[in-house]
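Asker: Top to bottom, those sequences are chains A and B. Numbers 368 to 479, taken from this note's numbering, label the letters of the first sequence in order. Numbers 181 to 292, taken from this note's numbering, label the letters of the second sequence in order.
No lab work stands behind these hints: they were computed from the structure. Possibly wrong hints are sitting among the right ones.
[Stated by the list, open to error] Quick list of the computed label-pair ranges, beta carbon to beta carbon:
#: 1; chain 1: B; residue 1: 261; chain 2: A; residue 2: 461; range: 23 to 33 Å
#: 2; chain 1: A; residue 1: 425; chain 2: B; residue 2: 202; range: 30 to 40 Å
#: 3; chain 1: A; residue 1: 435; chain 2: B; residue 2: 249; range: 33 to 43 Å
#: 4; chain 1: B; residue 1: 221; chain 2: A; residue 2: 479; range: 24 to 34 Å
#: 5; chain 1: B; residue 1: 259; chain 2: A; residue 2: 384; range: 45 to 55 Å
#: 6; chain 1: B; residue 1: 288; chain 2: A; residue 2: 396; range: 25 to 35 Å
[Claimed, not checked] Beyond 12 Å from chain A on every Cβ pair, some chain B residues (computed):
#: 7; residue: 202
#: 8; residue: 232
#: 9; residue: 252
#: 10; residue: 255
#: 11; residue: 257
A virtual CB, placed ideally from N, CA and C, is assigned to each residue, including glycine.
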Amino acid sequence: DQQVKQNSPSLSVQEGRISILNCDYTNSMFDYFLWYKKYPAEGPTFLISISSIKDKNEDGRFTVFLNKSAKHLSLHIVPSQPGDSAVYFCAASHNQGGKLIFGQGTELSVKP
Amino acid sequence: DGGITQSPKYLFRKEGQNVTLSCEQNLNHDAMYWYRQDPGQGLRLIYYSQIVNDFQKGDIAEGYSVSREKKESFPLTVTSAQKNPTAFYLCASSIQGWYEQYFGPGTRLTVT
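Okay, chain A solo, but in the shape it has when bound (with noise of 0.2 Å):
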């Protein structure tokens, strides 16, 4: 049973153009979301994150959106550049400070 959902393996955008990164989720209790980037053969890094009591977070050039009714949440990158290229997890916690529950990822990659 798989309750947090990357339908999409992969991204392909252009470098300076937006990424959106989209993730979907089943159960309602989740309160606390966060996105990972992760190079291939390193742990991940925690990149940002957003509570369920808010719709939007931003961080630079990252910004998560939140919508709940949907159970849906994305990770927009503007501009996109070369080094974002990575895998993106992105994961979700109703237990605080206990378990994440991930996705399966989306690589992204940015073409020059």
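Once you've looked at the hints, dock chain B against the given chain A.
Answerer: Below, chain B without anything else, positioned relative to chain A:
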């Protein structure tokens, strides 16, 4: 430099042998976690520990064992009972009560 150390980076074992993966952190985090990543899949939780001398099974604990004798250390043993041990293993830690987890660089285990 504060961080999480996993060693070794690459590990090779013969089928039927137990193997222990190391995870050490000097972030003074109370909680520690072990995940496994397989190609095309997200991170799946194996075990987690929120305090010394206590740990809980994650979603895929069968064939694995852990110990938490020190706050800084959370070693994972992959036993011969684990049917598909070849994978990329990631250790993470977090402040107690916080959602954000910080990951080590990972260990790629290959069992033949």
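Asker: Using the C-beta atoms of residue 425 (chain A) and residue 202 (chain B), is the stated range 30 to 40 Å upheld?
Answerer: Check passed, 38 Å falls within 30 to 40 Å.
Asker: Would residue 257 (chain B) pass as off the interface with chain A, using Cβ distances and a cut of 12 Å?
Answerer: 20 Å, holds
Asker: Test the statement that residue 255 (chain B) is away from the interface with chain A: the closest C-beta pair must be farther apart than 12 Å.
Answerer: 17 Å, holds
Asker: Hint says 23 to 33 Å; check whether the CB-CB distance for residue 261 (chain B) and residue 461 (chain A) agrees.
Answerer: At 31 Å between Cβs, range holds.
Asker: Is it true that residue 435 (chain A) and residue 249 (chain B) lie within 33 to 43 Å of each other by Cβ?
Answerer: 42 Å, holds
Asker: Please check whether residue 259 (chain B) and residue 384 (chain A) have a Cβ separation lying inside 45 to 55 Å.
Answerer: 48 Å, holds
Asker: Say whether it holds or is violated: residue 232 (chain B) keeps its Cβ farther than 12 Å from all Cβ of chain A.
Answerer: 15 Å, holds
Asker: CB of residue 288 (chain B) to CB of residue 396 (chain A), is that within 25 to 35 Å?
Answerer: This hint holds: roughly 34 Å between Cβ atoms.
Asker: Verify the CB-CB distance for residue 221 (chain B) and residue 479 (chain A) against the hinted window 24 to 34 Å.
Answerer: Hint holds: Cβ distance 30 Å, inside 24 to 34 Å.
Asker: Would the least Cβ to Cβ distance between residue 202 (chain B) and chain A come out above 12 Å?
Answerer: 14 Å, holds
Asker: Looking at residue 252 (chain B) again, its CB stays over 12 Å from all of chain A?
Answerer: Holds: least Cβ distance 17 Å, greater than 12 Å.
In this structure, every one of the numbered hints holds.
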